[in-house]
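Asker: Just need the whole structure built from these sequences, with the hints factored in.
Heads up: the sequence lines are chains A and B, in that order.
Anchor point for the first sequence: position 212 equals 212 in my numbering, and the numbering is continuous, going up by one each time.
Converting from the second sequence to my numbering requires adding 218 to each position, the first position being numbered 1.
Keep in mind the hints are simulated off the structure, nothing from the lab.
Glycine included, C-beta positions come from ideal geometry on N, C-alpha and C.
Misleading hints may appear alongside valid ones.
[Said to hold, decoys possible] Label-pair restraints from in silico Cβ distances: (1) Asp177/A x Glu278/B: 27 to 37 angstroms; (2) Ala173/A x Ile456/B: 24 to 34 angstroms; (3) Leu124/A x Ala266/B: 55 to 65 angstroms; (4) Ala173/A x Ala282/B: 20 to 30 angstroms.
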Amino acid sequence: MDVIFGNLDLWGTAIGNTLLVFFGGGVIALVLGTIVGAMRVSPVPIARGVGTVYVNIIRNTPLTLVFFFFVFGWRPLGFPPLPNVVLGIVAIGIYTATYVAEVLRAGINTVPVGQAEAARAIGLPFGQVMSLVILPQAFRSVVPPMMSVFIALLKNTTVAAGFSVAELAALRATINDAPDRPGNPMEVLLWVAVVFVLLVMLLSWLQRHLENKWRIAR
Amino acid sequence: MTSVLYDVPGPRAVLRNRIIAVATVVVVLGALAFIGYRFWESGQFDPAKWYVFTFTRVWEQILAALGNTLAAFALAAVLSLVLGFVLAIGRLSEHAWVRVPVTVVTEFFRAVPVLVFMMLLYYGLPVVGIKMDPYWAVVLALMVYNGSVLAEVLRAGIESLPRGQKEAGYAIGLRKSGVMRLILLPQAIRAMLPVIVAQLVVTMKDTALGFIITYPELLYYAKLLSSQQGRPILQSAIVIGGIYIVMCLILSGIAKWVEVRTRRSVKVQGLAGGNVAADDESTLTEVIALQKGAGKFDGTNTGRASDG
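Answerer: Right under this line is the structure:
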């Protein structure tokens with residue numbers, strides 16, 4: 001227990017940073033992912049092509065490599081210096097956006113063809129077909145996989161630890177490199193694992209809750 | 219097909235689509251040009267920056283690092299498949315004393331980030347007197363995580379089979395093991411093969427986490443190279459990144475090919491193929507692949523399977 005109460009300040013910043021990367025990355029992923037997802041179902045072939053290339057390249061790149069590019073490649077390109085946390089948030093956001101885009105597209109694809117055809121038959125233009133008929137239905141089937149993407153995002157925040165962001169997985173190094181901090185690596189990491197299990201359980205509960213709330217009987 | 223969302227465009231829509239197309243091209247080219255300009259201005263195209271890649275020795279070492287990556291991937295893939303089968307069967311067991319612990323273990327390993335588990339093996343175990351090689355830390359962490367994910371995938375595959383399959387198996391006098399081995403597993407594996415291969419792509423990508431616990435794989439070597447003369451950090455990231463992307467694209471290509479074949483095959487129609495709502499590139503399997511992250515296979519999809 002010493003490992004927690006002796007380092008309470010460190011645990012505070014670590015959990016704070018983890019949540020910061022999680023929410024920051026989540027917002028970027030949602031915004032960018034929605035744009036890319038829209039591009040991938042749009043009637044414009046070039047936009048579809050760009051979306052496909054983006055998704056295929058980023059999804060087949062390890063997240064660690066995306067981090068590598070942003071964290072180590074930012075300064076050599078002559079950009080103004082940014083803290084690693086910000087670069088990490090951008091990296092994880094860009095990576096997760098591809099998954100968000102795929103979930104949205106898969107969700108749109110689960111809406112039966114007849115729905116879109118019927119909407120067009122009564123004369124709705126593309127915008128209204130999407131906003132009034134397709135998206136409200138797609139949204140419901142998107143909720144569970146979208147929450148899974150966010151659970152994966154939460155677990156992926158640990159990669160930031162390898163790029164000197166002081167978040168949960170980096171706590172081991174911080175505590176053990178300080179001479180007078182209590183706790184050995186095993187204890188620290190086990191508690192980190194426990195924190196993650198709790199956070200994931202919380203998200204799974206939220207997922208089940210939302211799923212039941214918006215369940216549809218087709 | 220997504221194209222059912224819109225009609226054949228009329229003159230106004232054609233014009234609007236062209237404008238959007240031009241805008242997309244301008245934005246993308248603009249972004250690329252900006253990045254290219256930054257590369258140019260900060261001298262990233264300098265021959266000196268790319269100099270290290272002219273040495274045969276460097277390429278030999280890249281090959282060695284690639285070998286390390288593949289070695290970790292291959293063993294982790296095989297072991298996680300084995301573990302996946304064991305956990306899936308354990309979780310479907312009728313004995314509570316097998317089922318409950320296996321369920322807890324599976325859920326736990328799926329909730330802990332791979333990197334934390336790797337660190338636990340590499341930095342944590344020496345505390346209790348076990349010294350672990352980075353290679354084994356990477357392999358074991360990947361095995362445990364992907365094994366439990368694959369267990370969920372297989373379980374979902376088995377549970378999505380019509381109940382009549384199992385009942386018919388018992389009716390012709392097979393034992394539990396026979397029903398599982400001869401009836402359920404072959405069908406489940408066939409239906410879930412695309413997801414299984416897709417999970418192997420994840421395993422491949424996750425070997426790059428070994429970089430953080432000093433396993434000398436590709437990304438680690440990229441970092442090493444960047445301390446060479448000229449500090450070619452972006453250059454080595456680009457070269458190594460290219461290797462990763464090509465490897466993962468090949469595996470993803472296999473996954474897609476398996477999936478297309480699965481969907482055409484008559485044998486799996488009605489299992490996984492029957493209710494695939496998406497019909498171009500993305501399919502139900504992808505939705506399942508995404509859902510499996512939280513062990514929720516009982517979502518909207520199975521509901522649709524039963525009535526479709």
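Asker: Confirm or reject the claim that Asp177/A and Glu278/B have a C-beta distance inside 27 to 37 angstroms.
Answerer: Given a distance of about 35 angstroms, which is inside 27 to 37 angstroms, the answer is holds.
Asker: Do the beta carbons of Ala173/A and Ile456/B sit within 24 to 34 angstroms of each other?
Answerer: 29 angstroms, holds
Asker: Between Ala173/A and Ala282/B, does the C-beta distance stay in 20 to 30 angstroms?
Answerer: At roughly 28 angstroms between Cβ atoms, Ala282/B and Ala173/A fall inside 20 to 30 angstroms, so the hint holds.
Asker: Has the hinted range 55 to 65 angstroms been met by the Cβ atoms of Leu124/A and Ala266/B?
Answerer: 60 angstroms, holds
In terms of the numbered hints stated before, the structure departs from none.
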